[in-house]
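So the protein lines, in turn, are chains A and B. Residue numbering for the first sequence follows the numbering used here, beginning at 1303 and increasing consecutively. Residue numbering for the second sequence follows the numbering used here, beginning at 251 and increasing consecutively.
Certain hints may be false.
Stated by the list, open to error - Among the chain A residues that face chain B by a calculated CB cut under 8 Å, a handful are:
(1) Ile1315
(2) Pro1316
(3) Pro1317
(4) Gln1330
(5) Phe1332
(6) Ile1334
(7) Asp1335
(8) Trp1336
(9) Pro1337
(10) Asp1339
Stated by the list, open to error - Facing chain B, a subset of chain A residues (Cβ under 10 Å, in silico):
(11) Ser1314
(12) Gly1319
(13) Asp1331
(14) Pro1333
(15) Glu1340
To be verified - Estimated spans, in silico, between C-beta atoms of each pair:
(16) B:Gly267 x A:Phe1332: 36 to 42 Å
(17) B:Ser386 x A:Phe1332: 40 to 46 Å
(18) B:Leu400 x A:Lys1349: 53 to 59 Å
(19) A:Asp1318 x B:Thr405: 26 to 32 Å
(20) B:Glu395 x A:Pro1317: 28 to 34 Å
(21) B:Pro336 x A:Ser1355: 22 to 28 Å
(22) A:Phe1350 x B:Asp398: 48 to 54 Å
(23) B:Ser386 x A:Lys1349: 55 to 61 Å
(24) A:Ser1355 x B:Val316: 35 to 41 Å
It should be emphasised that the hints constitute simulated quantities derived from the structure, not laboratory data. The beta carbon of each residue, even a glycine, is placed where N, CA and C say it ideally should be.
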Amino acid sequence: MATPIPEQDTISIPPDGRPAAEQPAWRQDFPIDWPQDEYVERRDFVKFLTLTSFAFVVGQFWIAGKQWLRRGEAPPGALRIASIADIAVGGSLVFDYPGVHDSCILVRLSDTEFVAFGQKCTHLSCAVIPKPEEGVFHCPCHEGLFDLRTGRQLAGPPPRPLPKVTLAVRDGEIFATGVAAGGA
Amino acid sequence: MKPDHLRFFIDPSRCIGCQSCVQACTECDTHRGESMIHLEFIDRAASVQTVPVVCMHCDQPTCAEVCPADAIKRTADGVVQSARKPRCIACGNCVVACPFGVPEVHEERKLMMKCDMCYDRTSIGKKPMCATVCPSQALYYGTAEEIDRLRPMSTPSNRFQFGNQVITTRVFVMWPRGPVTLAVPLDITAPLADRAGADPFAHVEL
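If we strip away everything but chain B, and leave its shape as in the complex, we get:
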């Protein structure tokens, strides 16, 4: 099956920080024992909110643009691969350049390694490991129609701006659809009975 119609969607608001994706990534045979996924805290001091960071597979891969050894390549299906081992010199340019902070340099083995969207799996139509195990489906792999049906309140976007640099990516991030302000300030520490009737999404048309 040609997996062209399958897309990767990340919904940070669904992430519960359970580390399942990290563990699943660690079990992969191509980089056993090391996770290529970063589970980041957004503002650790103020919140427990986490976000899984996988490679966004840019159409303008900055990591490949800055690679002096011509080691980072993008396959025809749009997946930016880990550095090619015979070429990589572990200079770390890609680590500094990547706007999403994805690549990791392993100095001792002179190699950059990064998320390749489980290329062994996705290239034959299977889901990436992280997307298969994610219990809240913050990492979702499927068609655009499926995500529209499943997430009516969100819209996927793959366009990002970093200063003057505009990047479009193969991986999508889910944004809330329309303006999002909670209609009623919700005190989640209050007893359930006191919260009854306060529907925070009452203003959102489904």
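Extracted from the complex, chain A is given alone in its bound form:
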């Protein structure tokens, strides 16, 4: 005689054994059975799409609002960076301009030529390293390259040129006078 074996392929049973209707609501939200756990209702999916789209729209307005507020600000003042004598030809110097968190890098190309750019790579904000012998700024994170004279991106993933810091030289002192959007 074959031993009757109960069918086991039904869904899991709560420990108290009562039917699903009498179970607390969290059992529906955190089901033990894989198919129920994977199941996404159409209503939930649409809700997700709508809310995500809404969040993106809000984000766009937030960015636009921030830009609009920034329009009224005065341009950053001049900042003394260093004396000409402090940097050798081919040498570089890191400074913060206009804010304390805006790292920039000054490079002396020749006796009279100086360039300065924001040091944050436009890809993922790694610090770029000047390589005057090769004429480039090198970003070691993802092998991004920028032109040393213009800040224009040459290779790798960076999407925009480095922001250029305008410089002025007065009485042997180098001043940063403003930030342009980028080389060209």
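Assemble chain B onto chain A, guided by the hints.
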């Protein structure tokens, strides 16, 4: 082939402690080098009897009930899977809660791993590795009809009681059928000639 009609049967009395199941489990590609099966001694001081412990795949999986991360799931064919890796926080609740002592927590990889009845094999109708290699077939995978034919003196059961908790499982344990007392005290250390005629199973109707 839909493997619904195939069942897993454990017969502890047939286990000879050879570790074949442990070795076979270790060779699986999904958890290479680690065995998900525990070969336990029942009373190591008094006996060499061992029992292979695989996941019983409860209908009321206590491990999943206590999981705070919602990581332990049971597939539609009744197999309780290892913790889902993105969710598991390796808290060890399942290890403490499981009445059979099956789950293992790997703290260094923040993951609970347990026997999933060789889901890559059983889901396509193949036998679990341990059941294929077990020389005494203490681990048997097949239909209810087969086990009835092969083990007339045993009956499968999948109902267990732990205190007030009653658990039914997808895996079956074989119990001796009817009352089991040896009719003649058997001295297994005695010479064979002295044992002749003493049939310990004489009282059992086959």
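**Study point:** Outcome of range test on Cβ distance (Ser386 of chain B, Phe1332 of chain A; 40 to 46 Å)
**Key:** 41 Å Cβ-Cβ, so the 40 to 46 Å window holds.
Check your understanding: Holds or violated: Ile1334 of chain A as interface residue toward chain B, Cβ cutoff 8 Å?
Key -> Constraint on Ile1334 of chain A satisfied, holds at 4 Å.
Check your understanding: Measuring from the C-beta of Phe1332 of chain A to each C-beta in chain B, is the shortest one below 8 Å?
Key -> 5 Å, holds
Exercise for review: Mind checking the CB of Glu1340 of chain A against every CB in chain B and telling me if the closest is under 10 Å?
Suggested key: With Cβ-Cβ at 9 Å, under 10 Å, it holds.
Review point. Should the hint that Glu395 of chain B and Pro1317 of chain A are 28 to 34 Å apart at their CB atoms be regarded as holding?
Key: Since Glu395 of chain B and Pro1317 of chain A have Cβ atoms about 32 Å apart, the given range 28 to 34 Å holds.
Check your understanding: Quick one: are Gly267 of chain B and Phe1332 of chain A within 36 to 42 Å, going by C-beta?
Key -> 40 Å, holds
Check your understanding: Should the hint that Ser1314 of chain A touches chain B count as held when the rule is a Cβ pair under 10 Å?
Key -> Ser1314 of chain A check passes; min Cβ-Cβ to chain B is 5 Å, inside 10 Å.
Check your understanding: Holds or violated: Pro1337 of chain A as interface residue toward chain B, Cβ cutoff 8 Å?
Key -> 5 Å, holds
Review point. Could one say that the CB atoms of Phe1350 of chain A and Asp398 of chain B fall in the range 48 to 54 Å?
Key: 51 Å, holds
Exercise for review: So, Pro1333 of chain A near chain B? Judge it on the closest CB pair being under 10 Å.
Suggested key: Since chain B brings a Cβ to about 8 Å from Pro1333 of chain A, closer than 10 Å, the hint holds.
Review point. Against chain B, with CB atoms and a cut of 8 Å, does the hint on Gln1330 of chain A hold up?
Key: Since chain B brings no Cβ nearer than about 12 Å to Gln1330 of chain A, farther than 8 Å, the hint is violated.
**Study point:** Satisfaction of the hinted span 22 to 28 Å by the C-beta atoms belonging to Pro336 of chain B and Ser1355 of chain A
**Key:** Distance hint for Pro336 of chain B, Ser1355 of chain A holds at roughly 25 Å.
Hint compliance for this structure: hint 4 alone is broken.
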